[in-house]
Amino acid sequence: MAFQVEDYLREDKLPHIWCAGCGHGITVRALVEALAGLQIDPTSVVVTTGIGCFGKADDYLNTHCFHGTHGRALAFATGIKVVKPELTVFALMGDGDSVTIGGNHLIHAARRNVDITAIVANNQNYGMTGGQLSATTPEGSRTTTSVYGTAEPEMDLCSLVAAAGASFVARGTVYHVTQLQKIIQDAIQHKGFSFVEVVTMCPTYFGRYNWNQTLIERMNWLKENAVSKARYDKLPPEKKESAFMIGKLVEKDTEDFNTKYQRILQKAQNQG
Amino acid sequence: MSSELIKFGQGNEACAEGAFKAGARFYAGYPITPSSEIAEIASRRLPQLGGIYLQMEDELGSMAAIIGASASGVKSFTATSGPGFSLMQENLGVAIIGEVPCVVIDVQRSGPSTGLATKPAQADIMQARWGTHGDHAIVVLYPSTVQECFDLTVEAFNIAEMLRSPVILLTDEVVGHMREKFIIRDQVKVIDRKKPTGPVEKYLPYQPDEDGIPPMAAFGDKYRMRITSSTHGPDGFTNSNPVNARQMIERLYKKIMDRADEITYIKEYMVDDADILIVACGYTARVAKAAVKQLRNEGIKAGLFHPLTIWPFPEKQLKKAALDAEKILVPEMNLGQLVYEVERILKEKEVFGLHKSNGQPLFVREIVDKVKEVAK
Chain X
1 MAFQVEDYLR EDKLPHIWCA GCGHGITVRA LVEALAGLQI DPTSVVVTTG IGCFGKADDY
61 LNTHCFHGTH GRALAFATGI KVVKPELTVF ALMGDGDSVT IGGNHLIHAA RRNVDITAIV
121 ANNQNYGMTG GQLSATTPEG SRTTTSVYGT AEPEMDLCSL VAAAGASFVA RGTVYHVTQL
181 QKIIQDAIQH KGFSFVEVVT MCPTYFGRYN WNQTLIERMN WLKENAVSKA RYDKLPPEKK
241 ESAFMIGKLV EKDTEDFNTK YQRILQKAQN QG
Chain D
1 MSSELIKFGQ GNEACAEGAF KAGARFYAGY PITPSSEIAE IASRRLPQLG GIYLQMEDEL
61 GSMAAIIGAS ASGVKSFTAT SGPGFSLMQE NLGVAIIGEV PCVVIDVQRS GPSTGLATKP
121 AQADIMQARW GTHGDHAIVV LYPSTVQECF DLTVEAFNIA EMLRSPVILL TDEVVGHMRE
181 KFIIRDQVKV IDRKKPTGPV EKYLPYQPDE DGIPPMAAFG DKYRMRITSS THGPDGFTNS
241 NPVNARQMIE RLYKKIMDRA DEITYIKEYM VDDADILIVA CGYTARVAKA AVKQLRNEGI
301 KAGLFHPLTI WPFPEKQLKK AALDAEKILV PEMNLGQLVY EVERILKEKE VFGLHKSNGQ
361 PLFVREIVDK VKEVAK
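Just so you know, the sequences run in chain order X and D.
Just so we're aligned, residue 1 is where the first sequence starts under this note's numbering, counting upward by one.
Just so we're aligned, residue 1 is where the second sequence starts under this note's numbering, counting upward by one.
Hint data in this document are derived by calculation from the structure and do not stem from the laboratory.
Watch out, some of these pointers could steer you wrong.
Unchecked claim - Derived EDC-like pairs: lysine to aspartate or glutamate, alpha-carbon spacing no greater than 16 Å straight-line:
(1) X/K13 with D/E315
(2) D/K222 with X/D7
(3) D/K347 with D/E315
Sequences are here, hints too, so could you generate the full structure?
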């Protein structure tokens with residue numbers, strides 16, 4: 001193979017800064033495996049990131065990178081992809097970046113259908129700033145800014161993005177690594193906005209305040225509770241409380257923004 | 001044969017045409033009065049030119065999108081007014097520290113907040129200078145005629161490309177909406193950013209040349225490009241070393257301040273023998289010029305110093321123009337912004353302000369009366 005996994009990594013920047021038991025390294029590995037699997041030239045890949053633990057992911061990637069402000073990765077990526085449609089563009093975000101501060105950009109990216117692959121590592125809290133509450137923190141959970149348990153219900157990322165019109169929506173976990181890699185590959189190949197939620201974990205903060213589990217037990221919890229749509233639909237109601245769906249949730253053929261814009265260019269130039 | 005196009009149009013239209021002439025092929029924005037004509041013209045004209053118009057979800061996203069497009073090698077701009085300009089301050093900082101050239105047009109309206117949406121003001125003079133947080137320098141150009149809107153927008157792109165920095169084109173509701181004859185010049189000087197030429201594996205995105213400005217690769221080039229909004233070393237990776245931090249911040253500051261003369265545009269009217277010097281910009285400079293004419297007719301030796309580059313403020317040029325003037329008057333459509341800069345520069349002179357902040361422009365009579373009052 002022309003490109004190896006190592007060609008996408010800045011090995012000189014390893015080891016990474018993430019805590020023991022954090023799933024971000026697993027997610028980055030799945031991403032570079034997906035890129036190597038598709039043999040995409042690293043100089044035709046742009047990765048945008050924002051702020052948060054997963055916002056550090058670009059430090060380990062040997063692609064073009066844009067590290068910007070909190071919540072705006074998708075808006076930067078939009079400007080990049082519309083003018084350079086030949087590039088493979090990613091927005092790597094956490095739950096804070098993607099839906100908490102950046103929710104407006106997220107729903108509009110889903111609606112606009114620019115061919116960007118958004119990967120959201122959802123660890124249910126703000127890891128980098130010390131374990132504060134995010135929009136995906138489950139209701140009742142304790143964080144450093146909800147010491148009595150949060151009164152706010154959590155946002156279901158995949159449902160939100162699907163409702164906003166995304167043409168590819170999938171969820172994976174850091175336990176189901178092979179599936180995650182395949183999902184990311186499919187997301188890259190999907191023409192249009194692709195959204196991948198990766199359910200991961202933050203043992204340092206969210207885990208410490210909310211789990212009564214070891215990391216191994218938490219991995220097993222992911223294994224047992226993350227189920228396919230077919231299995232989820234058959235679960236009895238009491239099991240549905242902790243279970244969640246993984247796999248491809250939405251996949252539809254739609255024209256992406258740039259394809260449609262080509263017709264606008266033609267129209268303008270014929271009339272101009 | 002020249003194919004110059006003579007038009008009768010608005011300042012906003014001239015800004016848009018200037019941007020296209022400078023080579024801008026991407027616009028992302030969010031409509032807001034009194035700047036919306038720029039978005040409308042961009043949406044119509046850019047597709048004709050093979051460019052792209054995007055209406056974003058807000059001004060945060062607009063600023064981010066133009067930075068992304070420019071980092072991909074396409075000259076980009078946006079236009080807004082007060083409330084939108086406030087939202088753009090966040091990512092304006094990204095363009096400064098990330099060294100991404102782009103042009104932001106702010107057509108000033110009356111504030112604070114939603115204020116008087118359709119009425120003029122000059123109350124963003126300090127927001128343009130200091131609106132985004134952290135130490136930084138910035139270039140701000142301020143036209144006063146429709147032709148200057150065209151010419152200075154071209155110049156804004158050239159300065160942005162030359163300095164690898166965002167440039168703000170500040171106008172006001174009067175300049176943006178008034179109609180005058182202007183020429184879409186056929187030939188303009190167009191500057192493009194420096195590109196890297198050395199070996200691909202040795203390229204460092206923030207390693208400056210001797211002129212203090214790093215060559216800029218685009219996303220998709222063989223040179224691996226890293227843009228970052230965090231304090232970084234020459235390689236574009238986060239670096240918290242205090243020596244590096246100081247070098248980075250000072251270089252970003254000096255690359256602009258050291259070239260202040262090169263990017264300074266001023267106009268002077270009857271300053272040589274003026275006893276009283278008026279310092280005014282934008283629409284107010286036009287009113288001030290009419291006031292000078294009237295005062296001269298009445299035997300009062302007034303003159304006008306009119307900066308078109310307002311940041312970095314033309315300090316040296318003002319000192320020279322004010323050398324023999326006894327008194328200085330700074331009329332502006334706000335409660336006092338530019339006057340403080342003038343006071344700082346001309347400490348030994350008597351500096352007066354004339355301030356109006358009610359949604360109306362200053363009138364010739366008001367300046368004439370104020371000059372007579374302070375000249376006593």
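Each hint, compared with the structure:
Among the hinted pairs, X/K13 with D/E315 is inconsistent with the structure: their alpha-carbon atoms are about 46 Å apart, more than 16 Å. Taken as a hint, the D/K222 and X/D7 pair is honoured in the structure, with Cα atoms around 14 Å apart against an allowance of 16 Å. Under the criterion of a C-alpha separation no larger than 16 Å, the hint pairing D/K347 with D/E315 is consistent with the structure, at around 12 Å.
Checked against the numbered hints given earlier, the structure breaks only hint 1 and satisfies all the rest.
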